[in-house]
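> Chains D and Z supply the protein sequences, listed in that same order.
The opening position of the first sequence corresponds to residue 0 in numbering that gives the first Met the number 0, with each subsequent residue numbered one higher.
The opening position of the second sequence corresponds to residue 0 in numbering that gives the first Met the number 0, with each subsequent residue numbered one higher.
Keep in mind that the hints were calculated from the coordinates and are not lab data.
Ideal Cβ placement from N, Cα and C applies to all residues, glycine included.
A hint or two may mislead.
[What the hints assert, rightly or not] For each label pair, taking beta carbons as the anchor points, the in silico distance ranges come out as:
id	chain 1	residue 1	chain 2	residue 2	range
1	Z	65	D	15	21 to 27 Å
2	Z	102	D	137	26 to 32 Å
3	D	134	Z	176	23 to 29 Å
4	Z	182	D	127	29 to 35 Å
5	D	145	Z	176	20 to 26 Å
6	Z	51	D	89	37 to 43 Å
7	Z	132	D	37	39 to 45 Å
[Said to hold, decoys possible] Which bits of chain D does chain Z cover? Going by a derived footprint, with three or more residues having C-beta under 8 Å, they are:
id	region
8	81-87
9	163-169
[Unchecked claim] Calculated cross-link-like contacts (lysine-lysine; reagent style DSSO-like; alpha-carbon spacing at most 27 Å):
id	chain 1	residue 1	chain 2	residue 2
10	D	50	D	108
11	Z	1	D	50
12	D	1	Z	50
Chain by chain, the residues:
Protein chains: 2
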Amino acid sequence: MKIPVVTQHRHVHLSEEDAVTLFGGALTPERSIAHKGQFLSTESVSIIGLKGTFDRVRILGPERTQTQVELSASDAFAIGLDVPARMSGDLSRAGSCILRTPHGEVKAKSSTIIAARHLHCSQSDAEKLQLAHLDVISVATQSGEQLNNVIVRIHPTYATEFHLTKDEAAEYWLQTGDHVTLL
Amino acid sequence: MKIPVVTQHRHVHLSEEDAVTLFGGALTPERSIAHKGQFLSTESVSIIGLKGTFDRVRILGPERTQTQVELSASDAFAIGLDVPARMSGDLSRAGSCILRTPHGEVKAKSSTIIAARHLHCSQSDAEKLQLAHLDVISVATQSGEQLNNVIVRIHPTYATEFHLTKDEAAEYWLQTGDHVTLL
Numbered sequence: 000m001k002i003p004v005v006t007q008h009r010h011v012h013l014s015e016e017d018a019v020t021l022f023g024g025a026l027t028p029e030r031s032i033a034h035k036g037q038f039l040s041t042e043s044v045s046i047i048g049l050k051g052t053f054d055r056v057r058i059l060g061p062e063r064t065q066t067q068v069e070l071s072a073s074d075a076f077a078i079g080l081d082v083p084a085r086m087s088g089d090l091s092r093a094g095s096c097i098l099r100t101p102h103g104e105v106k107a108k109s110s111t112i113i114a115a116r117h118l119h120c121s122q123s124d125a126e127k128l129q130l131a132h133l134d135v136i137s138v139a140t141q142s143g144e145q146l147n148n149v150i151v152r153i154h155p156t157y158a159t160e161f162h163l164t165k166d167e168a169a170e171y172w173l174q175t176g177d178h179v180t181l182l
Numbered sequence: 000m001k002i003p004v005v006t007q008h009r010h011v012h013l014s015e016e017d018a019v020t021l022f023g024g025a026l027t028p029e030r031s032i033a034h035k036g037q038f039l040s041t042e043s044v045s046i047i048g049l050k051g052t053f054d055r056v057r058i059l060g061p062e063r064t065q066t067q068v069e070l071s072a073s074d075a076f077a078i079g080l081d082v083p084a085r086m087s088g089d090l091s092r093a094g095s096c097i098l099r100t101p102h103g104e105v106k107a108k109s110s111t112i113i114a115a116r117h118l119h120c121s122q123s124d125a126e127k128l129q130l131a132h133l134d135v136i137s138v139a140t141q142s143g144e145q146l147n148n149v150i151v152r153i154h155p156t157y158a159t160e161f162h163l164t165k166d167e168a169a170e171y172w173l174q175t176g177d178h179v180t181l182l
């Protein structure tokens, strides 16, 4: 089974409260993304670290229970943030940053992670591949290189995709549209 | 005409002399890339700036007359390099860095650029689109956003592709495999 690669841009998820502080209201969908019910919003935000800022960072909606900022390792280093690699949703000892728009500012404590590479997997593909939620697997690239420590996340709304940051994508020379196979 | 988007990983091109210094010989092809005659090499190199290092940066072969290091703006900022945006091949007042492998080290003076976004264009597509080499055009994304100041580069060996850095790709939420249209 060929699993499509999707390289991850830096992006932000917002809580309802933080969306109101930063934009005065709810996020505005621009277009849907592959994962059911999620969308790219028209809004963007500045991420401020101790040594620099990323402007015009895109936000994925809808609002979540917690604000979460996802960077690559080099992004975090660039703006002076000490950020751990974590699975999305696990904000234990996550990093902190400031989010700012012309409308407002949020101190996003324990919000900021380097998204650990993972296999997003639909329920039906998980059954086909005999995978369980939070399994740790290895995948092979089309060049035959092996990536270990890939965490499996299964959810009925997920499209089956292999997600990695742009740093890892550069190292393995992977692009969105390439594929990997399970080992 | 739909023009495919290819987001650009940080990468290095080497002169023959620098390849010998860094690896003791010529680059080894791992696999070909879309532009005729070019390949991803099996070798990788560390790029050292004033404030940090990128390890395992991939090298595109074959060797060129000049060593050229291509970064995104946030990459350059991350490792403390003052680097101008330039068209590939234009190294006037380019930045400098150190390239290092276990085999050797090169002071890569006037080598380092942020690759300006550009339309790689085959000769036949250029005729179809009525474009001339170094024309400056605008393109529209599938979301209807407009990117201006796109430089056209025409060469018989080129696949027709719109190239932009990871920073711009994150801002416009573009992935390799998306497409843009000429305005």
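> Give a verdict on every hint.
The hints, checked one at a time:
1. A C-beta distance of roughly 53 Å is found between residue 65 of chain Z and residue 15 of chain D, which places it outside the suggested range of 21 to 27 Å.
2. Look at residue 102 of chain Z against residue 137 of chain D: about 29 Å separates their beta carbons, and that is inside 26 to 32 Å.
3. Taking the beta carbon of each, residue 134 of chain D and residue 176 of chain Z are about 27 Å apart, inside 23 to 29 Å as hinted.
4. For residue 182 of chain Z and residue 127 of chain D, the hinted distance range of 29 to 35 Å is not satisfied, since their beta carbons lie about 44 Å from each other.
5. The hinted window of 20 to 26 Å between residue 145 of chain D and residue 176 of chain Z holds, with their beta carbons roughly 24 Å apart.
6. At roughly 27 Å, the beta carbons of residue 51 of chain Z and residue 89 of chain D sit outside the given window of 37 to 43 Å.
7. In this structure, residue 132 of chain Z and residue 37 of chain D meet the distance hint of 39 to 45 Å, their C-beta atoms being roughly 41 Å apart.
8. Counting residues of the region 81-87 of chain D whose CB lies closer than 8 Å to any CB of chain Z gives 0, so the stated coverage by that chain is violated, three being the minimum.
9. Coverage of the region 163-169 of chain D by chain Z holds [criterion: at least 3 residues with CB-CB distance below 8 Å; count 3].
10. This hinted pair checks out: residue 50 of chain D and residue 108 of chain D have alpha carbons roughly 17 Å apart, not beyond 27 Å.
11. Taken as a hint, the residue 1 of chain Z and residue 50 of chain D pair is broken in the structure, with Cα atoms around 40 Å apart against an allowance of 27 Å.
12. As the CA atoms of residue 1 of chain D and residue 50 of chain Z are separated by approximately 40 Å, the hinted pair breaks the 27 Å bound.
Comparing the model with each numbered hint stated earlier shows that hints 1, 4, 6, 8, 11 and 12 do not hold.
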